[in-house]
Structures are given as structure tokens and as C-alpha cells.
Amino acid sequence: MKKVVGLAAVLSSALLTTSAFATNGDNMIGVSPASRAMGGIGVGMCVGPTDAIFRNPAWLSREKGFNVSFGGILFMPHVKGRSKGYFDTDPANPGGVVSTDTGYVTSKADTFMIPEIAITNQISDNVVIGIGAYGVSGMGVDYRDKNLALGPDGKYHNGLAKMHTTLQFMRIVPAVGYKVNEALTVGGALHLAWGSLDLGAELGYDSDGDGIPDTFFNAGGGQSQSYGIGASLGINFKPTENICIGASYQSSVKMTYKNVFDSNGDGKFEDLKLEQPQEFAVGVGYRPVETFKIGFDVRWINWSDADGYKQFKWEDQWVFAVGGEYKVTPKLALRAGYNYGKTPIKSKSNLNTANANNIPDFSQPFPDYNVEWFNLIGFPAIAEQHITLGFGYQFTEKFTLNMSYVRAFEKKVESSASVMASKDLIAGAKNAQDSIGISLDWHF
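Note that the sequence shown covers residues -22 to -1, 1 to 422 in mature numbering (1 follows the signal peptide of the UniProt record, and there is no 0).
Mixed in with the good hints there might be a few duds.
Stated by the list, open to error - In silico DSBU-like links for lysine-lysine, alpha-carbon gap of 30 Å or less:
1) 291 - 320
2) 86 - 157
3) 86 - 124
4) 326 - 124
5) 320 - 58
Hints listed in this document are in silico derivations from the structure and should not be mistaken for laboratory results.
Based on the sequences and whatever the hints tell you, model everything.
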């Protein structure tokens, strides 16, 4: 069998050369503009019917009447990738190896639209039902025409493997909330999930035995879709009129993307299991006066036990979100917040380039360095700190406009291995993001 030097090499192709819409790993910090403007809160303090359905269904039973929300997010990631490695100038004979470094190259995947819609209906004094559909996860890059250079085979290659990836993940969520009494509410939701994954890359194998790839193949199997199901539960307690406490649990969603990648160059495309992880969150809200409220949430995301993410060595995240709202007038509400979640992909050094990590259901195991190379070049979900702003304006008793702006500050992560010299293999990513959200909300 051909020895596939794999993802790292493409680390070594000529100039070696994700819809990255997500900011806590590959999850959105919040769904609605109201939540996103306040740092992504919504577990301990209600921010509206949309996030009640998705974030904590216990809040549903405190929604009155009939509510409809349509909205979307214009997401603008600014992603750059770097790959330092080796290039084989003579594929027919061992030797002829030169070092290459792409420097930081900008991904072309820089604009995405993410939809949201939610409907809630109070069917009795104690019961409210709702349904929502959201784009809640995703990422991607596009380096296909970046830093192209003529290779020894007479074709153009790049050190970033012509990597182009897109992960989209949407949920349709029917939910119900029940008011036990004025202080206590509970809720539950079913998560019907749809995912789409496209992994495109030009990988290489070593034909002359010098350890450097020199013969290349298209590893991408094209777009693959999958479906899954999960659930969430929530509870909300209001010990006083000014204080509220909430907790929620969201189960994992198992997904398998068929025929999406050729890991070993045999021309057969393999499946990839990619399970969206379980989450647990708690939060608290406080309204000291009628015109001002503030909330704080803590969320745990279990990447390390989710198939796919686990094998790519993602670490669990603790996400901290704080946000508040001040009503300047009865019609105008100003919002601000902050969100922090340490990246699940860490900088690492002295990585192994010869061991084997099995990726479900790939035929070719990946050494530690190749795993980190794939993370940083293909799925750089590394943003950590977010500042959020927004407002809501109630035009009439029945109609409100909500808007948000989120800035994720640039984060840089680099991992390295040493083969012929110290840190002669380096994979790196930089990720900053801007997003603008808008929703049109009706209350009847």
C-alpha cells in the first residue's frame, strides 16, 4: 500500500501551502440577536422566545400570547492558516528536499448567512409550546487558490493542501414549557438535526522513500449530509421577583457523514463520525430596577467525549457569558455583554509524527502532528474572547426590531514537530470574527 504522509504533508506539498461560523468551539455563542448582544446568555435569564426554545425550554412557560421571530446573522470570519514543512523536488529519487513555509494565508471563506425562526404559543395559563429552526454550529475554510506553486509533477500545488472545508449544522426544535407554580418552571425539547460536511484537500504520499510526499491525490468526497436526534431539558426558579436561576442540559447528537474523505489514496471515500457534544449550563439573572437587568451563564461543552472531536483531541470547554440590558425609554433597550471560552484546540510542541490515532471511520490513522495540522488548517475553531453590543426597539405593541454586533478578537494557535531540525514542521491558525444579527419579532 502507498505510504500516505497525509495531512502533514500536504504540509510539504509545493509552497505548502470552513464557514467558520462558530465561536465556542464550532457552536454559536447565542441564537437570537437579543442573546448575542448580551454575550450569549439565556439559561439563567430569559432573553426572548427564540433562545427560550434553544437555550433553556423552561423559560417558555413565561412567554405570554403568540410570538413569531424571523432573523439571521451575517457572519464574517477572518481566518488565516500557516504550514511549514518540506517539499520534494525529485519524486523519482530520495533526496532533493527543501524547506517551505507558507506564512499566514487568508482563507476565502469569509461571509456566511445563518438563519433563525421561532414560534411560541401559550395554550393555557401553565403551558407554552414552541418550535424553532436555527443554524447553530459550523465552520470552514477555503485555500484552494492560495499560494499556488508549480510542483515536480508539472501541476500546481500549495502548502495548505488546497484545503476547503464546510460544516453546517442546523436544528429544528419543538419544545414545551410548563409552569409548576409562580416560582418554578420546567421544560423540554426535541432536537431534530441536519448536518452537511464537505472535506476537500489534496493529500500526498511518499513514492521515493525519503519521507516527503511527492505524489498527490484529491481526498475530498464532496458534500455529505446526515441526520440526527437529541433532546434538552431545562429548569427555572424565581425565588423573588428580582432574581432568577436556571439550568439546562442538552444531549449529544450522533452524526455520520457518508463517503466524505479518502484518507489513504486508494480511491475509496470513507465515512466520518462527527458527534455534536452534550452540554450542561447554569445561569442567574438579576433585575435591581425595572429598567435594568443583568445575567451570567456558565456552560460546559463535552468535546472530549464526542466521536470525531475526541479523536481529533479537542478538549472540553467552560464558557462564561455575562450580559445586560438597559431600557433607555419604554421603546428602546440597549444591550452589551462579554463571552469567553478557552479554545478546545491548544498550541502544542514536539508532536509525534509517526504514531497512529484512529479517526472513525477513516482507513488511515493520523499521527499527532497530522491531527493538529488538520484542526488548525481545516477547522480552526479557536476564537476565545467576544465583545457584544446591540439594541431592541419596539415600534408598536406588536412589533420589535432587535439587532446585535459581535466581535471575536483574533486568536493565534500554533503547533509544531521536529523532524530534521527544531520546529521544522509548524501548523498555525489565526481567527477573528465579526457578525451582525437582526430579527423581526411579533407579539400577539
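Going through the hints against the structure:
Proposed proximity of residue 291 and residue 320 is supported: the alpha carbons are some 14 Å apart, at most 30 Å. With a C-alpha separation of about 48 Å, the suggested pairing of residue 86 with residue 157 is violated against the 30 Å cut-off. For the hint linking residue 86 to residue 124, the alpha-carbon distance of about 9 Å falls within 30 Å, and the restraint holds. As the CA atoms of residue 326 and residue 124 are separated by approximately 26 Å, the hinted pair is consistent with the 30 Å bound.
Our distance criterion of 30 Å between C-alpha atoms is met by residue 320 and residue 58, whose separation comes to about 19 Å.
The structure does not agree with numbered hint 2 stated previously, though it agrees with all others.
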